[in-house]
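*Asks:* So the chains spell out like this:
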Amino acid sequence: MSQQLFQGHVGIGPRVTAEALVASDNFSARYDLDRIKGVFSRQQHKLCGQSYVGKVLILNAAKGGVASAWMLREMTARNMAPAALILNFANPIMAQGASFANLPMVDRFDGDITEFVKTGDKVTVDPAKGTVKIL
Amino acid sequence: MCANLCDAASAILKISAIEYFEWNENMKLTDHESAMLAGEEGPARKYAMEQVVNVGQFFDAEDCVEIAQVHLMADPESLGDECVSFLEGLAELPEEERLVRAPTITDPRGVDLQAYKRLKQTEEQANLERRSIAAFRALGVMMTDTCINYQTIMPPVLGEHLAFGDTGSSIYANSVMGARTNFEGGPSALAAALTGRTPRYGFHLDEVRKGGTHFEVDHRPADLSEWGALGAVVGRQMQSYWEVPVISGIDSPPTSDELKHFGAALASFGSTPLFHMTGITPEAPDLQTVFDGPAASVPVATSLTRAEVTALRDSYWPADDRLDVVVFAAPQLSLMEMRTLAGLLKGRRVNDAVTLIATTSPEIKSASDRMGLTELIEASGGIVLEGVCFYQMYAREIGEANGWKRLMSNSAKIVNILGGYGYEPMLASMTQCVDSAVAGKIIGSAL
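First to last, the sequence lines map onto chains A and B.
When we follow the working numbering, the leftmost residue of the first sequence carries the number 1, and every step to the right adds one.
When we follow the working numbering, the leftmost residue of the second sequence carries the number 136, and every step to the right adds one.
With the rest of the complex left out, here is chain B:
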């Protein structure tokens, strides 16, 4: 019975198709890891260990490191039917072969099942979502559906090894918390969950975490959109995943939300998972420490002026004032951002020609419900979605279905992503976004 089931699962997993798999023995494995690789603990852990070793060898990892927490990015748009079927194959295995071995939480989903019809998402999209959720639950994955897990679920700890999925979540864990993770895409985060380990390379290693490029900021960003724009300006100058930017000149601690928008934009524009901010982040008490050498070894700083940051923001500003949709997301909103948004919308009415959407985590949605914030936002005509993020919810399809093209947001990350999805995105402060949503057209001008 088990043999048949396992064979069937192997067929679905297409493990036998991985003929090229070669373990060159440069990577040291424990007996337990070798057993998983040999398939002694079933096809799911075999796939997972092969994934770990494949990636480890590609990046010359010496061995594996045990991880404390996994954050899994797996929205149905990215998965498609193919990868959902793969997950369902895992879910059919016996419990001892399929349950995750490290606490595993999820990134935002693609469909808010309470609200998808309002957004003209299809039954097909909702069904793919339902199938993914059922499969993940069978694997013992906790459906937290959030990218602000470091604010709401379990904040990482200095030196802790993790396998985090979302780039914003990863860069925050690495930079602000001093935990250690690479970007773990879904298949690798899942492999880390099933094996409890990840290859020891990249940002798990001391030498990779040292400062690389130095930026001196001569001003303090005025709001979250400017923090995002600053992250974008730095991110655009990053040449590869391995370049670690160091930012000096920020004179007092930013808030968690400010660092969240800065990091999310930096990771989105630059695809880098770590920054240091001298005097602010834990591995950067001063320049010499973060560049790991005498004063003379500290690279000359590139100066970042406020003009450069606002120029990035203004580069998205359109020629006319047409507006279709205002989005607060990417990252999901914290309770503080929900409070600010509710305050801005209180007693006002979103124009009928514009849709205003805010996405947050289930935990923050629940808190917002309890505190009357959701009611304030929805009474003004805004839509609060939980457990999703705008760009992960079939953004192209819902844009076409609802006639949304011109999009306004205070998130530099979402503005960066949605350009490839058929939108005309623009970046502005939360206040400007709300004023524009109420007016039914873009209010204000480029700075």
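Same shape as in the complex, but just chain A:
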């Protein structure tokens, strides 16, 4: 089923399979998260209160400041990171942070990836091919 495989730009990091957590909202590690508890903490965020730990996090665009570049590795080291970060549009900060953290990341799909995948879907992210596949 071809509609189960979504093609993005070649990404960063290793291949991973995990459950998806999806919202049509944006992402910043500093602005949106309680990184100690591993949950979204910004009241206005559509995922506020939800845990992102171990999930393939699928959101619209990277937002916010530059701190996320350090924070992704710090979160990964504490095993409090998402399994992968999938965005419609990454920005340099997220790419830099993913590279530094060895965290899988893919962006720039043919269409809105937050509409293609649903929360709870099990997906495989393959950054070398730039793909997200629903299993």
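Hints listed in this document are in silico derivations from the structure and should not be mistaken for laboratory results.
For glycine and all other residues, C-beta sits at the position ideal for the given N, C-alpha and C.
Treat the hints with caution; some may be incorrect.
Pulled from the structure, derived: some chain A residues nowhere near chain B, Cβ distances all over 10 Å [said to hold, decoys possible]: (1) Gly54; (2) Glu74; (3) Lys133.
If you want a taste of the chain B side facing chain A, the calculated C-beta under 8 Å gives, among others [to be verified]: (4) Leu214; (5) Phe318; (6) Gln374; (7) Ser403.
Dock chain B against the given chain A, drawing on the hints supplied.
*Replies:* The following block gives chain B in isolation, referenced to the frame of chain A:
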């Protein structure tokens, strides 16, 4: 000896863990860059070159560009023990392998070591700060601890390629100075420092710097908080990092501080690193030039009225007048802002129920000391901090430790950030902030 040391450092750097690293040869590298990538100049430059190539490939960069200056964001809250240990691993390498290759300066730190106990920051936080500073010094990084480096250290120059960290500092360098930088988060700014280069993509390229969206402003913001609010209104409409807003209708040059607050808010709300202001910023002499085409190609402007700008400011206004802390920061205060603040506080007393904090750079703090401004602010009960910025100094923890929830500031940027940190932030003019700090409750009302 060196081999062991390098192996140990490699282990700390976890370079061997980056198994996925693939250089697809689409990105052209010089012999020197290839040598760094191959590890011939030690593990630090290998990590740095891998970081450069990884990010470069992700954004389809053709090659690298040499950079003139690096601005490094690395406060201990963002670093955590993991990234501080990483830096300490670099710091243990032999000097020829670890020293930076471009002038490298730092963004505000997280702990003012002269004042942290007053703010109930912990020894653990201070120690992480001390360890980071020691590691950066070993790498040859200059601890300027400022986000207003374009006002105080070395202003960028038109066309100069940079690797700047703080979003406010980057957007000012790109927009007001016409220099060229992407947002370089800490790990990438450090990579740029260690290699002297950054991938040539994004805002290093002419075509990316062209105007994208057009806003026509029908008024002039009245104070710094309104300049910030205007930046916030534009920023909220930005869809991605790559969208370049063009603002027309500002009839005469704003001050550096006004552009600083406008840009910092725009970058914070919008995550975009460049704006043009026609007739004001160097790459926007007129609309046709900035949109790079005939008059017909200039997009129809979205009108921005004063009502929209004040509505953004008022949207943060609370229902009651309770006040815990007043903060002037983000960006750090210029000498002019310190002078204004000192003038507003002169002969008055901050209410005991409220804490008033101003953060500035070490250079401006020193000038303020010399000119008696620090004394005026502190005599009124205000606290002047140097080399830090409020949101980067464990804002959540100091808020909880000091019982601060309702926060008032004239910085739209800090109001945006602190909503995620457990505060109830609100935006007001510096005058309203000071009047409220003195009264011990919020004075005035939404406009």
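*Asks:* A separate judgement is required for each hint: does it hold in the structure or not?
*Replies:* Here is what the structure says about each hint:
1. Distance check for glycine 54(A) against chain B: the nearest CB is about 18 Å away, which clears 10 Å, and the non-interface claim stands.
2. Against the 10 Å criterion, glutamate 74(A) falls within the reach of chain B, whose nearest CB is about 4 Å from its own CB.
3. Taking the minimum C-beta to C-beta distance to chain B, about 18 Å, the non-interface status of lysine 133(A) holds against the 10 Å cut.
4. Hint status for leucine 214(B): holds, given a least beta-carbon distance of 5 Å to chain A, under 8 Å.
5. The restraint placing phenylalanine 318(B) at the interface with chain A holds, with a minimum CB-CB distance near 5 Å, inside the 8 Å limit.
6. With a least beta-carbon distance of about 7 Å to chain A, the hint placing glutamine 374(B) at the interface is held under the 8 Å criterion.
7. Hint status for serine 403(B) relative to chain A: holds, with the closest Cβ pair at about 7 Å, below 8 Å.
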